[in-house]
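Colleague: Here is how the chains run, residue by residue.
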Amino acid sequence: MVWLRIRRTLLSLPKWQLAVLAMFFGWIFLTIFGPYLAPFPTEVAEPTTRLLPPSGTYPFGTDENGIDIFSRVLAAPRTDVVIGVVATALSVVIGTPLGVIVALYESRGGAGSTAFAETFMRLLEVIQSFPVFVFAMVLVAVFGGSVTNIIIAIAFVNTPVFVRIVRSDVLSLVQRPFSEAARAVGNREVRIGFRHVLPNALPTVIVQVSVTVGFAILLTAGLSFVGAGVKPPTPELGAMIASGAKYLEIGQWWAAFFPGIALGLIVFSFGIFGEIMTQVMEPRAVRRETDRRREAALETGGDEPEVPDAPTVTLSHMSEPVLAVEHLGVVAVDSRQPLLSEIHLALEAGHSMGIVGESGSGKSVLVKALLQLLPPELAVTSGSVRYLDHDLLTMSKGSMRAMRTTQIAAILPNAKSQLNPLTSVGDMLRSALQAHEKIGAKEAEVRSIQLLEMVGIVDPAQRLSAFPHELSGGMAQRVCLAMALMYHPKLLIADEPTAGLDVTIQRQVLDLTRTLAEDAGTARLLITGDLGIAAHYCDTVAVMQAGRIVEIDETERLFDAPRHPYTQHLLDCVRV
Amino acid sequence: MRLALYIGRRFLFLIPQVFLISFITFVLVRLLPGDPARLSLGPLAPESSVEALRAKMYLDRPIPEQYLIWLENAFQGDLGESWVNNTEVIDDLVHRIPVTLELIFLALLVVFVVLVPLAIITASRTRNWIVRIFQNLTFGYGMLAGALPDFLLGLVLIFFLFAGAAGLMPAEILPGPEGRLGILDFEPPFVTGSILIDSLIAGDMEIFWSGFMHLIMPVFTLAFVYGAPIFKMLRSQMEGALKADYTTYAEAVGLAPRIVLTRAARVAAGPTLVITGVVVMFLLGGAVLVERVFNYVGLGQYAINGIVTADYAPIQGFVCFAAIFTMLVYLAVDLIHFAMDPRIKIGGTQA
Chain A
35 MVWLRIRRTL LSLPKWQLAV LAMFFGWIFL TIFGPYLAPF PTEVAEPTTR LLPPSGTYPF
95 GTDENGIDIF SRVLAAPRTD VVIGVVATAL SVVIGTPLGV IVALYESRGG AGSTAFAETF
155 MRLLEVIQSF PVFVFAMVLV AVFGGSVTNI IIAIAFVNTP VFVRIVRSDV LSLVQRPFSE
215 AARAVGNREV RIGFRHVLPN ALPTVIVQVS VTVGFAILLT AGLSFVGAGV KPPTPELGAM
275 IASGAKYLEI GQWWAAFFPG IALGLIVFSF GIFGEIMTQV MEPRAVRRET DRRREAALET
335 GGDEPEVPDA PTVTLSHMSE PVLAVEHLGV VAVDSRQPLL SEIHLALEAG HSMGIVGESG
395 SGKSVLVKAL LQLLPPELAV TSGSVRYLDH DLLTMSKGSM RAMRTTQIAA ILPNAKSQLN
455 PLTSVGDMLR SALQAHEKIG AKEAEVRSIQ LLEMVGIVDP AQRLSAFPHE LSGGMAQRVC
515 LAMALMYHPK LLIADEPTAG LDVTIQRQVL DLTRTLAEDA GTARLLITGD LGIAAHYCDT
575 VAVMQAGRIV EIDETERLFD APRHPYTQHL LDCVRV
Chain B
850 MRLALYIGRR FLFLIPQVFL ISFITFVLVR LLPGDPARLS LGPLAPESSV EALRAKMYLD
910 RPIPEQYLIW LENAFQGDLG ESWVNNTEVI DDLVHRIPVT LELIFLALLV VFVVLVPLAI
970 ITASRTRNWI VRIFQNLTFG YGMLAGALPD FLLGLVLIFF LFAGAAGLMP AEILPGPEGR
1030 LGILDFEPPF VTGSILIDSL IAGDMEIFWS GFMHLIMPVF TLAFVYGAPI FKMLRSQMEG
1090 ALKADYTTYA EAVGLAPRIV LTRAARVAAG PTLVITGVVV MFLLGGAVLV ERVFNYVGLG
1150 QYAINGIVTA DYAPIQGFVC FAAIFTMLVY LAVDLIHFAM DPRIKIGGTQ A
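Keeping their order, the protein sequence lines are chains A and B. According to the working numbering, the stretch in the first sequence is residues 35 to 610, in order. According to the working numbering, the stretch in the second sequence is residues 850 to 1200, in order.
Hints are not guaranteed to be accurate.
Below, a sample of chain B positions facing chain A; criterion: calculated Cβ distance under 10 Å [what the hints assert, rightly or not]:
(1) Leu880
(2) Ser897
(3) Ile1164
(4) Met1189
One-sided excerpt, in silico: chain B residues whose CB lies under 8 Å from chain A [to be verified]:
(5) Arg974
(6) Val1102
(7) Gly1103
To be clear, the hints were calculated from the coordinates, so they are not data collected in a lab. Where a beta carbon is used, it is the ideal one built from N, C-alpha and C, also for glycine.
Turn these sequences into a full structure, and let the hints steer you where they fit.
Modeller: Next up, the structure:
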């Protein structure tokens, strides 16, 4: 499992990162074998060869003590990297169990446990408020500058980081179902914490480790640079830079230059290694999601040779359509993979059309394409989208913006995530109103209250100050509905408007939408995965599969006598 | 109301925390090797006078008692005396703190003026050539800044600009690492301790200019190195916010691009603010190193000297100041974050 992920990550890395990774392992190699590879003794002063410039014998020159700098650079990772690694390991070993214990106390509840956890966290805050560098400096000064003491000091200043990370991870993990399950079968809390929860928190810890090691190396070098760390003659990069810095200004650059380059490269390769580890441990959930959708679109797109020709719409009494889509095609910009092709639609004023299809069939891409909200990764390649006598595809952004909400309104899936978490309901409504009319704050507020009343929100004046996280899903959906219908638009495009809501709330919201839209004469395009909803609320239904509309017909006819095998298949699924 | 409750709660913890900070530093500093009485009188002084001095410095009392004495004096504004320089620590701090704060503040200012707009531009989803140029530029910056230790960058700058004959920069244009002012410049009379403000108060434009030029290199070094975490955090948060559903929806509603952008930025600002608080703490440590590199006489040099000479009182004063300063920065950050984000609960401890 892990190996597979490592392999996948390695394959996806750009070339330069692979090169840095190789360099990283080079430094690890030097950490282990460096001192044995040094051509000259690294700690014995040789007054006759002081400050010689780089040459064949001394490729990096010699330092103020006449020691070969190349040899010292080879030997130095042994000091710097070992201090960084051991100190970090120590912080992990101490910090992780502490974090688990604090989190367990905190999640157990009860005044005593909470007080303990809170006090502990505040204590930690005290330790963390000492500036890391200064604190480490004092610690080293107090206990003396031996390598062990430097390790202890650096471990000490980094431990709180791990306590915090593990604590917050465990806190969220103990509420997950698997912890509940472990509890239900009678495990003790401590066992749950360490056996069941901690392994799940490890990825975060590992990522933090790779960051901390680089930081610990920097800290070591910094301490030694000011003379509060590793003491000469031990080969250590910070101390070497410090001893060379004196000669920098008078032109003897090499004594500080080569150790400096080495230090930069070590920290850099550890940093990149950390980023690679992050990718191994936390593959971006979002990216995988879109990948899966694209793959799904590909797969279903593959096996449909028996599909009849794109259906011709045989709707009776067609008048001038509000929305007319012809030959619309959308591709993913990077892969040139088609996501929508040959989409034809026509929607009459006041009518409602449902678009059904399984997830991944391209419904949401269609919505974004119609609304001119495609993300930059997707692009329209062909066709036209006409709203009344406007061509939306060639329209300027400004004129499109003016038509949004006033004429073309949108409801997007999962209302709570559509509302900015830091914008109150009142601000959202006000800014929407003020985007389209010149009105003052007072009038906007009055209108907002009316709008919330319209969608059946109780106590609307109070709700204006609410933030999205304080709303229930149904309430958020009503707010979005109020936004969508504030100007009696001619066209409403609603993408999964009730997904994730209780069935009873679904009905209320959909009924309300229908009533309000019919009163205003709004044409509706309702995208849903639920055939029942489409059957109940739409005059016409279009069936989408793999980015195409495979069948479109009046609702009754489509449900009674489906002509396309995929429609038949969908209906079978429901009727079982 | 919500804010008042939160502030009250935080201050409740702040006071014991400050006491704890001072106690921990006190004990730590007492553990420093070397007997200050002996060190201050020299190795040849008779044992009896060392004993007398120890008694005078209360070094013969148990540590808790010494701490209480120190605390009592501290409340009266007396932080003890440096036995190396025979100066009052409180006076030293008053003169040195502004020097370092000036560095930190200017570095943050540069970060916010230069890097914050850059982060927002490069997070943009539109892919025109301007954005692309900036993206390529900052890609290199992000990699470099994470790997380059502050003191190393300072040395690299000194090397390229001033090293012997290879130096690219004539000293008349940008002064070398010679401290806050040129050798022949006079410090302006002390008012705030900031060289820029004090020289302006004194009306001495020449000193102002000199101080400004001497600030460029250390401030640039600090801003370059410590701006990176702020820059990276803001850019990734901004990318996330611009991709988020609520941003698409705000566009779908027809809000003006300016409002769409500011609302996304507001969401991105929270985590960026938190990391800025941490960066300020690191800047204090960074200032120690950078001051050293540029021979800048600030708090950092003061602390290093104190540690090297086992000078109790200055270290105690400095570490206390540093910890309390960080504590207050964290507090300020939490308060602003709390005021900005309605989702934060009053009782919640920050992860």
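Colleague: Run every hint past the structure and note whether it holds.
Modeller: Here's how the hints hold up against the structure:
1. About 5 Å separates the beta-carbon of B:Leu880 from the nearest beta-carbon of chain A, less than 10 Å, and the hint is met.
2. Hint on B:Ser897 is violated. Least Cβ distance to chain A is approximately 29 Å, over the 10 Å limit.
3. For B:Ile1164, the interface hint holds, the least distance from its beta-carbon to any beta-carbon of chain A being 7 Å, beneath 10 Å.
4. Given hint, B:Met1189 at the interface with chain A, holds; its Cβ is 7 Å from that chain's nearest Cβ, closer than 10 Å.
5. Checking B:Arg974 against chain A by beta carbon gives a least distance of about 5 Å; that is within 8 Å, so the hint holds.
6. Among the interface hints, the one on B:Val1102 holds; its C-beta lies about 5 Å from the nearest C-beta in chain A, closer than the 8 Å criterion.
7. Below 8 Å, beta-carbon pairs count as interface contacts, and B:Gly1103 has one with chain A at about 3 Å; its hint therefore holds.
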